[in-house]
Amino acid sequence: MSEFEGRVAVVTGGASGIGFAISKLLTERGATVSIWDLDDTAAGDAAGRLDRAGHAAVDVTDEGAILAARDRVLADHGRCDILINNAGIYPHATLREITVEAWDQMFDVDSKSVFLATRAFMDPMIEQRYGRVVTIVSEDAYMAKPSIAHYAAA
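In this text, residue positions in the sequence shown follow the working numbering: the first is 803, and each later residue adds one.
Keep in mind that the hints are not guaranteed to be accurate.
Derived Cβ-Cβ restraints for the label pairs, each shown as a range [what the hints assert, rightly or not]:
id	residue 1	residue 2	range
1	877	940	26 to 36 Å
2	873	941	15 to 25 Å
3	905	805	38 to 48 Å
4	917	880	21 to 31 Å
5	898	853	44 to 54 Å
6	897	934	31 to 41 Å
Please keep in mind that the hints were generated in silico from the structure rather than gathered at the bench. Remember, predicted model here, so these are calculated numbers, not experimental data. In this text, a Cβ means the ideal position worked out from N, Cα and C, and glycines have one as well.
I would like the entire structure built from these sequences, with the hints used as guidance.
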């Protein structure tokens, strides 16, 4: 029996790339997964390709949207055992080129969302006396390139 058998997981940014690969692996190992993505169509398509997967269109920079999606997961499944903070953006721009708005968006998506989602699931996980939070980060945080200073900082 897999350690994920019967577990309920949320994967932010789960519609493609690393997030989808994680969602796929979790479902293959017996977990039920809720794929959260800003793109509802992509999230639905991703969930449709997996067993035991649902989806929600969630703006992970919006605390209200996160809380509403969390409440839906808890109502549908009774708990959340695993939170994978994977949502992220990766725009290229030098420090001279990047706008304040783009800088703020990068921090909101890549950093603030981790805080918001983790805080949203913290109390339910504590109450159920089980929970795992995994945050996906990039090696670029340690080896930044000129065109992604904002990404490395976030």
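Hint check results:
1. 877 / 940: 26 to 36 Å: holds, 34 Å
2. 873 / 941: 15 to 25 Å: violated, 35 Å
3. 905 / 805: 38 to 48 Å: Since the Cβ atoms of residue 905 and residue 805 sit about 39 Å apart, the hinted range of 38 to 48 Å holds.
4. 917 / 880: 21 to 31 Å: holds, 25 Å
5. 898 / 853: 44 to 54 Å: The hinted range 44 to 54 Å holds for residue 898 and residue 853, with Cβ atoms some 48 Å apart.
6. 897 / 934: 31 to 41 Å: holds, 36 Å
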